[in-house]
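Whenever a hint applies, use it, and build me the whole structure from the sequences.
Residues per chain, in single letters:
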Amino acid sequence: MRGVRIKDHWKEQRLFEQRALFASAVGAILLLLLAGRLVLLQVVRYEYYSQQSQYNRVRIEPIPAARGLLLDRNGEMLAGGQPGYQLELVREEVPDLDATLKGLVGIGLLTSEELPDIRRTVLSRRSFDSVPIRLRMTDEDVGRFAVHRFDFPGVDIKSRQTRWYPNGALAVHALGYVSALSASDLQRVDPAAYAGTSVIGKLGVEAAYEKRLHGTNGYREILVNAEGRSVEKIGSVTPQLRIQAPVSGDNLILGLDLSVQKVAEDALGDHRGAVVALDPSTGDIIALVSKPGFDPTEFARGITRKEYAALANDTDKPLLNRALRGTYPSGSTIKPAIGLVALTDHVITADRKVLCNGTFQLPHSAHVYRADKSEPRGLLDMPEAISRSSDVYFYKLATEMGIDRLDEGLAPFGYGQLTGIDISGEKAGVLPSPAWKRTVFRHPADQVWFPGETVNLGIGQGYLLVTPLQVAHIVGVIAERGKSFRPRLVIGSRSPDGRVSMLPPVEEKPVTGISQEDWTTVINAMIGTTTCNHYCGTASAAFAKSAYTAGGKTGTAQVYTVAQNAKYNAKTVAENLRDHAWFVAFAPAEAPRIAVAVLAENAGFGAGTAAPIARKVLDSYLLGPDGKLKSFAVPTPESRAALEVAPAPSSAQGPAVEPDTSNEPPAGEPPAGSQ
Amino acid sequence: MIREEVTDGPSARRAVTGAARMLLALKLDGPLLVGLGLIAAYGLVVLYSASGQSLGTVVRQIGHLGMGTAAMLLLAQVNPNFLRRLSPWLYLLGVLLLFVVAAMGVIGKGAQRWLDLGVLRFQPSEIMKLAVPMMCAWYLHERPLPPSPLSLVLLTALIMVPAGLVVIQPDLGTGALIAIGGVLVVVMAGLQASIILGLIALAGIGGWVGWHFLHDYQRQRIFTFMNPQTDPLGAGYHIIQSQIAIGSGGVFGKGWMNGSQAQLDYLPESSTDFIFAVIGEEFGMLGLFILLLLYAFVVGRAIYLSTQTQDTYARLLAGSLALTFFVYVFINAGMVSGLLPVVGVPLPLISYGGTSMVTLLAGFGILMAMYSHRKLVGS
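Here the protein sequences line up with chains Y and A, keeping their order. Position in the first sequence (from 1) plus 543 gives the number in the numbering used here. Position in the second sequence (from 1) plus 3 gives the number in the numbering used here.
Just so you know, not all the hints are guaranteed correct.
Claimed, not checked - Here are the simulated lysine to aspartate or glutamate pairs, EDC-like style, with alpha carbons at most 20 Å apart:
#1 K550(Y) <-> E145(A)
#2 K554(Y) <-> E145(A)
#3 K1026(Y) <-> E1060(Y)
#4 K645(Y) <-> E631(Y)
#5 K939(Y) <-> D894(Y)
#6 K939(Y) <-> E918(Y)
#7 K754(Y) <-> D219(A)
#8 K645(Y) <-> E635(Y)
#9 K745(Y) <-> E635(Y)
#10 K550(Y) <-> D314(A)
#11 K554(Y) <-> D219(A)
Said to hold, decoys possible - Derived DEER-like restraints, expressed as beta-carbon distance ranges:
#12 G213(A) <-> Q730(Y): 26 to 36 Å
#13 D551(Y) <-> L27(A): 27 to 37 Å
#14 P638(Y) <-> G167(A): 42 to 52 Å
#15 G167(A) <-> I572(Y): 26 to 36 Å
#16 Y591(Y) <-> M107(A): 46 to 56 Å
#17 D551(Y) <-> Y307(A): 18 to 28 Å
#18 V790(Y) <-> G167(A): 49 to 59 Å
#19 N261(A) <-> Q730(Y): 49 to 59 Å
Hints were generated in silico from the structure; no laboratory data involved. Note that the structure is predicted; figures quoted are calculated from it, not measured. No residue lacks a Cβ here, since even glycine has one placed at the ideal position from N, Cα and C.
Below, the structure is given as structure tokens:
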């Protein structure tokens, strides 16, 4: 045999038969097991299951979790819950869905044009889910339904928490809004987890933190009769009913300061535009304004098609979040960054004087780059060129540096890049470069980088586009001498039992390679913008008699190119083609607590419109009630305790309630409220 | 060769003899055919009720049965030797198609099970339900049994590659069924008991490790299976409702079309994966026992046929097909009655659907071919 096995057909046949017998035996045992299970279900537990399946049965009713609150940094409520009435429908209890919906149109509770949407939403939920079909019900609607209630089995009025924004449109572009859960939303979320939930976050913090705000729904079993109405017991049987309490969503603490936000919105007034203020040492957003806005409560209660169309078609675009998604030329606000890059690359020294006479021409070119009539003239060094915003100085500087060096130096500050803010929709803007032009333009003739485009970039014009959020972030980076923190709206959370946990700031890649001396030069030049020393900076009027030193920079972004030899005249240019006004600032200059960017669309000069707005924002954040600079210490147990107390929703005095000392006061310290 | 029949007259005997001759000519097996026919008929009656008295559904299901029967008839005519030589090619084609599907899934960024041929959409994983046992039987055909250790390593690869490709689709249930079809061939080939026990131990450890690789929804299924009460609104809903349906049916059932769970839509997927519960509710324990006996008869007959075949390939393939059919029945019935976790396996020949119907009946066609084409030497 030599180790080779030979096939023994007779033996193999026997082996197979053995196995077949064995397999049959195993199969028989499994069948017996199955039969045993059936006996258990159908004989032993017959009574139990029979009861459950009676046409009168236990229905599982979801209990929606309370949506988490949104609080500002001082514990003031930004979004909360408010009870309201809504009409809900359980499909399996409705004899004829279409007839029922038509009947509801007949008594004026629904409109016929929304029927297809409602139908689709109802059919996308499971047959035993109670689906809201009408959110915003007035007392009159409730009364009208009550009269016809018995014509509509399976339809009932439910009292549910609706989202309430106590400050109306305030900070709507940061907070976002919630709206009725639609069929398309249900494809993104787990329908079981959202059974009983009627709204879902759209935009802003409401959408970005949907998972945490939503919480976990509970359920209770209720006895219902054949029409789906709740009953006490079935005949003589009172079955054991189970209940599982919902777990509320997390209450989120935002970096926003309600009072600063209010000041910023009022200061921007009727201008279209945006204000972004943040703490440069953490990235926490203190105020985020985009105007015009809208009232998010409309969405939470149920917005009608007509109301939505009015918002969507408004030429002022109230739904557009200008702070994150509005892209504008940066104007002169880019000059401090260019100055830093030039100093670091030794293209120029801070004290070298450059002759500026109001115009600039590239060699071998007839095109004349004009500066405004307010342009400083004469021999200017860099600090003066920044403080007084000389265009000609930066035309010359940019030309000398060349586009590659400019791009390489500006990118680390964050131009052309997403800041990574914790809500979605942000735009990256554009930091133009020859490579960028080659990818964007199709026609070879358009792909060439012209020297004139480098000149434009020197004063933040041309293809360069930035968002107000990006600009605020970049000013913060300069204020912090290169340290960079990712901007964020949510800075912590307060669990339903009152425990506060704060998130650590997210540090990003810093801007490196710039000497402390050069930082000081440019920061001092920005301080020069808001003060008068040997000369007055462009925003010195707006910052007259300020209680702190602020660094700043004005900017004016052209929307409209003035023809050669023509003059820009605000009065003759259509309103929507007028220049955008920019102002950026940080303060106190020696230890920055806040950086701000203001953009007012078509408002003309930055110094005239935008700088006073920034001043108001800085004042409201930095100054105490006595008009003096507040001290900014590390969070004290007191300030944390203030957050740990639920603010009374209607009270105006906010967190000044006696803190609940049961919430784990720090060991060894007296309870916060006891002094 | 013709079985004795109890008849009461010469004309009846002639008729029976005539039918038997025809079956013989068609290479079919009478008892097996009768068993399958009874199950399918039972299924149509239940489906009419489970689908909410939808005659259209029943007609479409008859269409599926027709397609399956055609596939069975066709395959029963094929010479087993030809089928054996075809095995590796069919297997390679199937694996290739699975790779295509996987690649399309990567491109389409989502779960991908179907291959769209324009006129025809099909799941290559269905082919593998037959091709994997065929391949394993082909491999073992020439080799002495029980298989050598080296053969076992190769067989493992032959089974795991297609099963793995299906699992990552992701379709855990079908992947497991494909693997079972292959493993049963190896077990029937005489895999040593010590290895079987060792593998069961390994599977225990593997299961513990594999747990970490499961998708959340797959883990959730297992959690809910352990305790369906924890999630009555979500994953536990199916199990709770199907147990209520079965349990409330009692011994005799609530009567045809009178099952409140099924008729009032409390029971999800009542026409497909959970149709076993409809039978339990409407026809009671008696109805389920009759069904299980029918299945037991079919499986028993199929195993008997497999022992009567004459070469290794035929024996192993027929044995595996018979046992796989039983596994399907047990998994579905076990899942619906709460013995096993919820995996998407239809009840053979009864659940509404064309794909599994065609695959199953095609398998029986092969099984019958294995038996009816044997050479009658020295009988």
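Hint check results:
1. Restraint check: the Cα-Cα separation between K550(Y) and E145(A) comes to about 8 Å, which is no more than 20 Å; the hinted pair holds.
2. For the suggested pair K554(Y) and E145(A), the alpha carbons sit about 15 Å apart, so the restraint of at most 20 Å is met.
3. Restraint check for K1026(Y) and E1060(Y): satisfied, since their Cα atoms lie roughly 16 Å apart, inside the 20 Å limit.
4. The suggested pairing of K645(Y) with E631(Y) holds, with an alpha-carbon distance near 15 Å, which does not exceed 20 Å.
5. At most 20 Å may separate the alpha-carbon atoms for a hinted pair to count; K939(Y) and D894(Y) meet this at roughly 15 Å.
6. About 15 Å separates the Cα atoms of K939(Y) and E918(Y), which keeps this hinted pair within 20 Å; it holds.
7. Distance restraint check for K754(Y) and D219(A): the Cα-Cα separation of roughly 16 Å lies within the 20 Å cut-off, and the hinted pair is therefore satisfied.
8. Distance restraint check for K645(Y) and E635(Y): the Cα-Cα separation of roughly 17 Å lies within the 20 Å cut-off, and the hinted pair is therefore satisfied.
9. Proximity of K745(Y) to E635(Y) is assessed by CA-CA distance (about 30 Å); at most 20 Å being required, the pair is judged violated.
10. Taking the CA atoms of K550(Y) and D314(A), the gap is near 11 Å; set against the 20 Å cutoff, the hint holds.
11. At roughly 48 Å between alpha-carbon atoms, K554(Y) and D219(A) are farther apart than 20 Å, so this suggested pair is violated.
12. Taken as a hint, the range 26 to 36 Å holds for the pair G213(A) and Q730(Y), whose Cβ atoms sit roughly 29 Å apart.
13. In this structure the supplied range 27 to 37 Å holds for D551(Y) paired with L27(A), their Cβ-Cβ distance being about 32 Å.
14. Taking 42 to 52 Å as the suggested C-beta distance range, the pair P638(Y) and G167(A) conforms, at roughly 50 Å.
15. Judged by the Cβ atoms, the range 26 to 36 Å given for G167(A) and I572(Y) holds: they are separated by roughly 30 Å.
16. At about 48 Å, the CB distance of Y591(Y) to M107(A) agrees with the hint of 46 to 56 Å.
17. Between D551(Y) and Y307(A) the CB atoms are about 23 Å apart, so this pair conforms to the stated range of 18 to 28 Å.
18. Restraint check, V790(Y) to G167(A): a C-beta distance of roughly 39 Å breaks the suggested window 49 to 59 Å.
19. Hint check: N261(A) to Q730(Y), Cβ distance near 36 Å, so the stated range 49 to 59 Å is violated.
Checked against the numbered hints above, the structure breaks hints 9, 11, 18, 19 and satisfies the rest.
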